[in-house]
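**Q** These protein sequence lines map, in sequence, to chains A and B. Under full-length UniProt numbering, the residues of the first sequence are numbered 1 to 333, in order. Under full-length UniProt numbering, the residues of the second sequence are numbered 1 to 333, in order.
Some hints here could point you the wrong way.
Identical copies go unnamed one by one, so any copy, or any two together, can satisfy a pair.
Claimed, not checked - With a straight-line cut-off of 27 Å between C-alpha atoms, the simulated BS3-like cross-links for lysine-lysine are:
hint, residue 1, residue 2
1, Lys81, Lys311
2, Lys57, Lys208
3, Lys266, Lys236
4, Lys208, Lys110
5, Lys166, Lys81
6, Lys166, Lys208
7, Lys284, Lys24
Hints are computed from structural coordinates only; laboratory data are not their basis.
There are 2 protein chains.
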Amino acid sequence: MINQVIELAERPDGQPSENNFRIKEIETPTTKDGEVLVQSKYISVDPYMRGRMRDEKSYMPPFEVNAPIQGGVVAEILESKSDNWREGDLVEGILSWQRIQTVRPELLRKVSPQVQPSSLALSTLGMTGLTAYFGLMDIGQPQKGETVVVSGAAGAVGGVVVQIAKIQGCRVVAIAGSDEKTTYLENELGADVALNYKTTTDMSEALKTACPEGVDVYFDNVGGEISDAVIPLINKFARIVLCGQIALYNETSIPHGPRVAPLLVKRSALMKGFIVTDYQNQIKEGVTALSGWYQQGLLKHQETVVEGFEKLPQAFLRLFTGEKLGKLVVQVN
Amino acid sequence: MINQVIELAERPDGQPSENNFRIKEIETPTTKDGEVLVQSKYISVDPYMRGRMRDEKSYMPPFEVNAPIQGGVVAEILESKSDNWREGDLVEGILSWQRIQTVRPELLRKVSPQVQPSSLALSTLGMTGLTAYFGLMDIGQPQKGETVVVSGAAGAVGGVVVQIAKIQGCRVVAIAGSDEKTTYLENELGADVALNYKTTTDMSEALKTACPEGVDVYFDNVGGEISDAVIPLINKFARIVLCGQIALYNETSIPHGPRVAPLLVKRSALMKGFIVTDYQNQIKEGVTALSGWYQQGLLKHQETVVEGFEKLPQAFLRLFTGEKLGKLVVQVN
Chain A
1 MINQVIELAE
11 RPDGQPSENN
21 FRIKEIETPT
31 TKDGEVLVQS
41 KYISVDPYMR
51 GRMRDEKSYM
61 PPFEVNAPIQ
71 GGVVAEILES
81 KSDNWREGDL
91 VEGILSWQRI
101 QTVRPELLRK
111 VSPQVQPSSL
121 ALSTLGMTGL
131 TAYFGLMDIG
141 QPQKGETVVV
151 SGAAGAVGGV
161 VVQIAKIQGC
171 RVVAIAGSDE
181 KTTYLENELG
191 ADVALNYKTT
201 TDMSEALKTA
211 CPEGVDVYFD
221 NVGGEISDAV
231 IPLINKFARI
241 VLCGQIALYN
251 ETSIPHGPRV
261 APLLVKRSAL
271 MKGFIVTDYQ
281 NQIKEGVTAL
291 SGWYQQGLLK
301 HQETVVEGFE
311 KLPQAFLRLF
321 TGEKLGKLVV
331 QVN
Chain B
1 MINQVIELAE
11 RPDGQPSENN
21 FRIKEIETPT
31 TKDGEVLVQS
41 KYISVDPYMR
51 GRMRDEKSYM
61 PPFEVNAPIQ
71 GGVVAEILES
81 KSDNWREGDL
91 VEGILSWQRI
101 QTVRPELLRK
111 VSPQVQPSSL
121 ALSTLGMTGL
131 TAYFGLMDIG
141 QPQKGETVVV
151 SGAAGAVGGV
161 VVQIAKIQGC
171 RVVAIAGSDE
181 KTTYLENELG
191 ADVALNYKTT
201 TDMSEALKTA
211 CPEGVDVYFD
221 NVGGEISDAV
231 IPLINKFARI
241 VLCGQIALYN
251 ETSIPHGPRV
261 APLLVKRSAL
271 MKGFIVTDYQ
281 NQIKEGVTAL
291 SGWYQQGLLK
301 HQETVVEGFE
311 KLPQAFLRLF
321 TGEKLGKLVV
331 QVN
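All chains should be modelled from the sequences, with the hints used to inform the complete structure.
**A** Written as structure tokens, this is what we have:
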């Protein structure tokens, strides 16, 4: 069986490219006592990983050059030298971009056989779903009848936020970057209004029309100019949930823009960043809520699946060009 | 007895000046049933009032041109046509800049005779003390051993924040604009380090040295470039309390600066604006805590008192030039 790994060949400067990655063949390691040998089934590509490519302090340590990229992986146990873990079990964890690897099972969560397809453990019922759930529910605290604006709304996190906000009884205004996406948001995910920021000439005006009672919660996946159009519309006691700032991830210096502090004072408003691991002690609560909505048909599954381990770098680069709907996952075959 | 009022003569464009105010003599009104007639003793000048001079929606309605300026006043009741209020009582409320006026007592709070001098009801035991208390305790949530940075630290709110943060067992780094103020902050108010931003050539470096373990709470009264030096030093889960943005109040267009959202995401940090009236249902809790510390000698009284009703416009203008220590109050005589 071929074993392959994808390493960080060099750190990107600005927009990443395929040159930043290196795929190579390696030996399959021997399973030591206490370890399991796993074969990757689905591998996740996520915007936050761009941050780990920089050599700077952040919420997770940076990737090392000439070492494997790491990210969310659903894998099957091929061999277990650990109690409580059995051959054939499906597991999920932050693992290397590698076809077959050994791992200490403390780093793994079991994926229930009810999660079908198992890639959902990386998306709606996994990291991105939990990101949407905790950010919206804990920081955003949406109340029935409030207006929730979501940027990057057709993305992996945004699509779940739109749906949870509708479940909470909110008016939802979704922002995305193509007519295909806005149609999907309005027709499939239930957004009240979806705006294509690429074709709308005056986003401020369009948002004012879409939010006649102002904005109570802004769930921001994007940052930059889209946020500059949304933030002036916030109401008293608004909550701005900062999930990602993908528009700014490839900047090489600190970007400038309109200062938000004066408006936050005027509106007694809150802005808070977070990462899903801040909620690691509440994962069970999140999974239970998401699974419940999913089983009731209130939460739709939305994934773009790319086939082929060797497509991982290309799939990662697609995150920054917006050419996808929902969660982007690579199926290893 | 002369009666006088100070009106808004015209809205300031940028930095306010004495031309924006008009002092004039008026008749003393007759007290109607249900009203009280009060004589102003101390009148407060506060930075937030600059916002009310603009013709735009904010947390309080704008002042009207050719109508009295309004702000915090401690007054004595000269005549009462309302039950429960007696001649000689001291009261506090948002009243007109006027020597003698009639008022409906629903708008008043009694000032306890134990509050000595009664101007404290406008400062440490009144609006600015409560602003410090709720902002720091509710939003900042300082924990023992954490590092708290305070900008505008020698101001009315800042000076109380410094002292409460010390009471909470924090390391306190205070920023102010003169050596007189930094000496006062270190020697009188107990700041661990006080930095004069006007003479410090590299604030970023000075702050790094003063905060070897990073910044957990930043209580910001100022905004602008000082915040730009503090914010990059925040720790994971830091809280940025936005109380005022005096550096930006006189701006005539939306100021630009480094975007903070990417860093808030990286550090899972919170930034929240507020105004003391957000806590109007908890005033008693705040006054009790502040009075307790004041009686124990843990909280020092710090006021700059200007004498003369007609000095109100000048006193207000001093807020923007920084030439004062603690709370600026005008004693009417």
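**Q** If the cutoff is 27 Å on CA atoms, where do Lys266 and Lys236 land: within, between, both or neither? Let me know, please.
**A** both (8 Å within a copy, 26 Å between copies)
**Q** Evaluate Lys284 and Lys24 at a C-alpha cut-off of 27 Å and name the case that applies: within, between, both or neither.
**A** Neither: 37 Å inside a copy, 68 Å across copies.
**Q** Could you place Lys57 and Lys208 in one of the four classes (within, between, both, neither) given a Cα distance threshold of 27 Å?
**A** Classified as between: cross-chain Cα gap 16 Å, same-chain 38 Å, threshold 27 Å.
**Q** When no copy is specified for Lys166 and Lys208, does a C-alpha distance of 27 Å or less occur within a copy, between copies, both, or neither?
**A** within (20 Å within a copy, 45 Å between copies)
**Q** When no copy is named, should Lys208 and Lys110 be tagged within, between, both, or neither for a Cα gap of at most 27 Å?
**A** neither (45 Å within a copy, 44 Å between copies)
**Q** Using 27 Å as the alpha carbon limit, work out where Lys81 and Lys311 are close: within a copy, between copies, both or neither.
**A** neither (31 Å within a copy, 83 Å between copies)
**Q** When no copy is specified for Lys166 and Lys81, does a C-alpha distance of 27 Å or less occur within a copy, between copies, both, or neither?
**A** Neither: 46 Å inside a copy, 54 Å across copies.
Comparing the model with each numbered hint stated earlier shows that hints 1, 4, 5, 7 do not hold.
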